[in-house]
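Asks: Residues per chain are reported as follows:
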Amino acid sequence: MKKIDITRIQEFSPEEHPIGGHIQDAGNSELYKTGSWKTFMPEIDFSKCIQCLYCFIYCPDSSILVEEGKVVGVDYDHCKGCGICAAECPKDAIEMKEAIEEE
Amino acid sequence: MDKQKVLALTGNQAVAHAMKQINPDVVAAYPITPQTTIMEEFSNYVANGLVDTELVRVESEHSAMSAVIGSAAAGARSMTATSAQGLALMWEELYIASGLRLPIVLVNVNRALSAPINIHCDHSDAMGARDSGWIMIFNENAQEAYDATIMAFKIAENERVFLPVMINFDGFTISHSIDAVSILDDDVVKNFVGDYKAPYNMLETPTTVGAFDSLGGFYYEFKKVQEDALRNSLPVIQEVYDRFAEISGRHYRHLETEFIEDAEIVFVIMGSLTGSVREIVHEARRKGIKAGLLKVRTYRPFPEKEVVEILKNSKAIVVFDRANSPGASYAPLCSDITNALYKERFIKPVVNVIYGLGGRDLELEEIEEALKIGIDASNGKEYPEKIWISIKGKEVD
Ligand code: SF4
Ligand code: SF4
Numbered sequence: 004m005k006k007i008d009i010t011r012i013q014e015f016s017p018e019e020h021p022i023g024g025h026i027q028d029a030g031n032s033e034l035y036k037t038g039s040w041k042t043f044m045p046e047i048d049f050s051k052c053i054q055c056l057y058c059f060i061y062c063p064d065s066s067i068l069v070e071e072g073k074v075v076g077v078d079y080d081h082c083k084g085c086g087i088c089a090a091e092c093p094k095d096a097i098e099m100k101e102a103i104e105e106e
Numbered sequence: 005m006d007k008q009k010v011l012a013l014t015g016n017q018a019v020a021h022a023m024k025q026i027n028p029d030v031v032a033a034y035p036i037t038p039q040t041t042i043m044e045e046f047s048n049y050v051a052n053g054l055v056d057t058e059l060v061r062v063e064s065e066h067s068a069m070s071a072v073i074g075s076a077a078a079g080a081r082s083m084t085a086t087s088a089q090g091l092a093l094m095w096e097e098l099y100i101a102s103g104l105r106l107p108i109v110l111v112n113v114n115r116a117l118s119a120p121i122n123i124h125c126d127h128s129d130a131m132g133a134r135d136s137g138w139i140m141i142f143n144e145n146a147q148e149a150y151d152a153t154i155m156a157f158k159i160a161e162n163e164r165v166f167l168p169v170m171i172n173f174d175g176f177t178i179s180h181s182i183d184a185v186s187i188l189d190d191d192v193v194k195n196f197v198g199d200y201k202a203p204y205n206m207l208e209t210p211t212t213v214g215a216f217d218s219l220g221g222f223y224y225e226f227k228k229v230q231e232d233a234l235r236n237s238l239p240v241i242q243e244v245y246d247r248f249a250e251i252s253g254r255h256y257r258h259l260e261t262e263f264i265e266d267a268e269i270v271f272v273i274m275g276s277l278t279g280s281v282r283e284i285v286h287e288a289r290r291k292g293i294k295a296g297l298l299k300v301r302t303y304r305p306f307p308e309k310e311v312v313e314i315l316k317n318s319k320a321i322v323v324f325d326r327a328n329s330p331g332a333s334y335a336p337l338c339s340d341i342t343n344a345l346y347k348e349r350f351i352k353p354v355v356n357v358i359y360g361l362g363g364r365d366l367e368l369e370e371i372e373e374a375l376k377i378g379i380d381a382s383n384g385k386e387y388p389e390k391i392w393i394s395i396k397g398k399e400v401d
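Line by line, the protein sequences give chains C and U. Mapping the first sequence onto our numbering, position 59 (from 1) lands on 62, and the numbers just tick up by one. Mapping the second sequence onto our numbering, position 35 (from 1) lands on 39, and the numbers just tick up by one.
If you're looking for bench data, these hints aren't it; they were derived computationally from the structure. A virtual CB, placed ideally from N, CA and C, is assigned to each residue, including glycine. Mixed in with the good hints, there may be bad ones.
[Stated by the list, open to error] Dumping the calculated SDA-like pairs for lysine to any residue here, alpha-carbon to alpha-carbon at most 20 Å:
1. C:K36 / U:D380
2. C:K36 / U:K227
3. U:K227 / C:E18
4. U:K227 / C:Q13
5. U:K352 / U:D380
6. U:K316 / C:E18
[Stated by the list, open to error] Some chain C residues well away from chain U (every beta-carbon gap over 10 Å; in silico):
7. F15
8. I22
9. Q54
10. K73
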């Protein structure tokens, strides 16, 4: 079964699709950018943040970026704008702002 | 060609015997008349250790098809059997099985769909599933059903195909009637069917099956690939029929014909009642009437080019449908025939005979009546385009 470049799947000709759509490249869902449908985006105010990591735990799309045990930002390519992080943050350090089309 | 023994078997027993010889990895099924005795017989084989099959006793046909989709996606040779409402309950999974290109084999013992509830044969169940992207083969008798079951995996698992196959034969008329069936040697079947190595195996390689096309970005292309695969399976199916002839001496074709060379009126039919129609065709020939017979065996993909080749010189065509397509111009088989002819610009009188719904007998006199209508049509006289030949209470003149 051929390996496929999932990032181009929207442009594939019929022949480029793997048979039956069986995708055998493990871990490729990260390459599929699902963040485009959000209408609100979370913005973290680090002056209020106490690094409790609640947002990281609650985010259903693993979109809170953490480095060396600390929240460093949001992966907007995959964040769907659900606002759970903002609702769960005990310090109101996350504000949901209207998402502006990034070009 | 190897020696065969002839056994007295019902259609269902013959198919169960074929399943035993195939020894599939996984079988999941739920009982429904008239299919039930296939699984009853097969579960005996499982209980007695005659097969290595993992038999999954599910709680519905919806689950039966789901289970074999799962096992087939994991790389296991997988089978199921059903009828009527059972097939209807498998509906959404049928499309998933073909979309995922899983070489599942489904034995469908044809039965009418409710309402009113009726356990007897017609082809409404299969015709409802005809656009689900499955290869569909119709069989006339127990021998054909046995042979088709053995050939099914060879077709489904071919690397140019990878599509599920539905084996159809008539409920009760074939499934529960005892017939003389030539049975191949176990080893011959084993060698013919061969080992199966799936091109995808989620147990060895992490695999995403049925990935979501969120924005309609590739569904359309995907369906085109599927259509091509189904069409391209036609020569592969014939290759498998040819190879099967080498081990069995029984040579199948997509279409079988009799007296077609000079036939003016051609009867088209599939399934067990072909025998009655054949009888009337032979009788007509004895009387000097130029009747001919076309039996459709491979129904999907539809062998349209061969159909046109056979029918193009006829003067009138009488198509027998054991299902209806309410509100449409013609019933399913007749639509396929007229479409194929129209595509090649052949316009001829076509009479669509609706017969056998809910197990209604098709009497020889009714086939004779259809012949008369066909003769009228071939002579340029008026003819009904669609006739319910067995309707009660019609006027007799
Ligand atoms: S808005 Fe939702 S998806 Fe985005 S970072 Fe917050 S919790 Fe995750
Ligand atoms: S939940 Fe709020 S306070 Fe806790 S880490 Fe996330 S942003 Fe910081």
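Asks: When the hints from earlier in the document are held up against this structure, which numbers fail?
Replies: 1, 2, 6, 7, 8
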